[in-house]
Amino acid sequence: MPHLSIVIPAYNEAERIGKTLEGTFDYLDAQSYESEVVVVNDGSRDKTADEVLKFESRGAGRLRLLHNPGNRGKGYSVRHGMLQAKGDIALFMDADLATPIGETAKVIEPIEANRYDVVFGSRALDRSLVGTHQSPIREAIGRTGNWIQWSLTGLNFKDTQCGFKAFRREAAQKAFAVQQIDGFGFDPEILFIAKRQGWRLLETPVRWNHVEGSKVNPYTAPLKVLSEVATIRWHALTGRYDEAAPVNALNTETK
Numbered sequence: 019m020p021h022l023s024i025v026i027p028a029y030n031e032a033e034r035i036g037k038t039l040e041g042t043f044d045y046l047d048a049q050s051y052e053s054e055v056v057v058v059n060d061g062s063r064d065k066t067a068d069e070v071l072k073f074e075s076r077g078a079g080r081l082r083l084l085h086n087p088g089n090r091g092k093g094y095s096v097r098h099g100m101l102q103a104k105g106d107i108a109l110f111m112d113a114d115l116a117t118p119i120g121e122t123a124k125v126i127e128p129i130e131a132n133r134y135d136v137v138f139g140s141r142a143l144d145r146s147l148v149g150t151h152q153s154p155i156r157e158a159i160g161r162t163g164n165w166i167q168w169s170l171t172g173l174n175f176k177d178t179q180c181g182f183k184a185f186r187r188e189a190a191q192k193a194f195a196v197q198q199i200d201g202f203g204f205d206p207e208i209l210f211i212a213k214r215q216g217w218r219l220l221e222t223p224v225r226w227n228h229v230e231g232s233k234v235n236p237y238t239a240p241l242k243v244l245s246e247v248a249t250i251r252w253h254a255l256t257g258r259y260d261e262a263a264p265v266n267a268l269n270t271e272t273k
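Quick note: the sequence shown uses our numbering, first residue 19, plus one each step.
Keep in mind the hints are simulated off the structure, nothing from the lab. Accuracy of the hints is not assured; some may be wrong.
As the list claims (entries may be wrong) - The following label-pair restraints were derived from C-beta to C-beta distances:
| no. | residue 1 | residue 2 | range |
| --- | --- | --- | --- |
| 1 | Tyr-51 | Ser-75 | 15 to 23 Å |
| 2 | Gly-79 | Trp-252 | 38 to 46 Å |
| 3 | Gly-257 | Glu-33 | 36 to 44 Å |
| 4 | Glu-127 | Asn-227 | 29 to 37 Å |
| 5 | Asn-227 | Ala-32 | 20 to 28 Å |
| 6 | Arg-133 | Gly-61 | 36 to 44 Å |
| 7 | Gly-88 | Arg-251 | 25 to 33 Å |
| 8 | Leu-71 | Asn-174 | 40 to 48 Å |
Here a beta-carbon is modelled for each residue, glycine too, at the ideal position from N, C-alpha and C.
The task is simple: from the sequences and hints, build the whole structure.
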């Protein structure tokens, strides 16, 4: 069984998934522990899957490609990959490597030391670590959104949206099994679920750079996220987070 699983959701990432996988395997090759990389293809219309499969030999049995049943969203993709991850620790990260792979130790070492069960990167705790910033408008929208998220969920964290989060295997299996949101609002949802289930959470500063080429509309996406976040309270009140869904409930086609 691998010690670390890295889950990468990918939608139309043919142009940059190769660079991301090359950097990821370079990092993992230098580590002493066993690892795996799980790429979740979210119904891509380009050659994302073909580009991933070019790394089969480089992965040497450590690379798995999962396919969603169509384009289902980032939240669905991450859930799919995290529930299928085999590692003692499962980390999901964005395909654009906005948070460099070299930051991995920051989020897995507190779990290895048994101090925390969920450790997630933050761009807001130490802004000196942010190299390339988003536009001032996008950053302002993010800060406002975080305040609204706090008011709706009670999550007292500075940044819930950074796509660099690590989970102890047991925490991942139980938290993601009851995740409901398939879109970008899954980030605060999964932290809300983990906290509700009693797992120990740590927000930690990481290096981050805004990467051009995002498929997310910076103005409409935050509104959609907030509308999804509003459903978290409703799901909690109606018991949607109380009963775990089967771990194998997702399509798990692999190549």
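Hints versus structure:
no., hint, verdict
1, Tyr-51 x Ser-75: 15 to 23 Å, "21 Å, holds"
2, Gly-79 x Trp-252: 38 to 46 Å, "43 Å, holds"
3, Gly-257 x Glu-33: 36 to 44 Å, "43 Å, holds"
4, Glu-127 x Asn-227: 29 to 37 Å, "22 Å, violated"
5, Asn-227 x Ala-32: 20 to 28 Å, "21 Å, holds"
6, Arg-133 x Gly-61: 36 to 44 Å, "38 Å, holds"
7, Gly-88 x Arg-251: 25 to 33 Å, "29 Å, holds"
8, Leu-71 x Asn-174: 40 to 48 Å, "43 Å, holds"
When the structure is compared with the earlier hints, a violation turns up for hint 4 alone.
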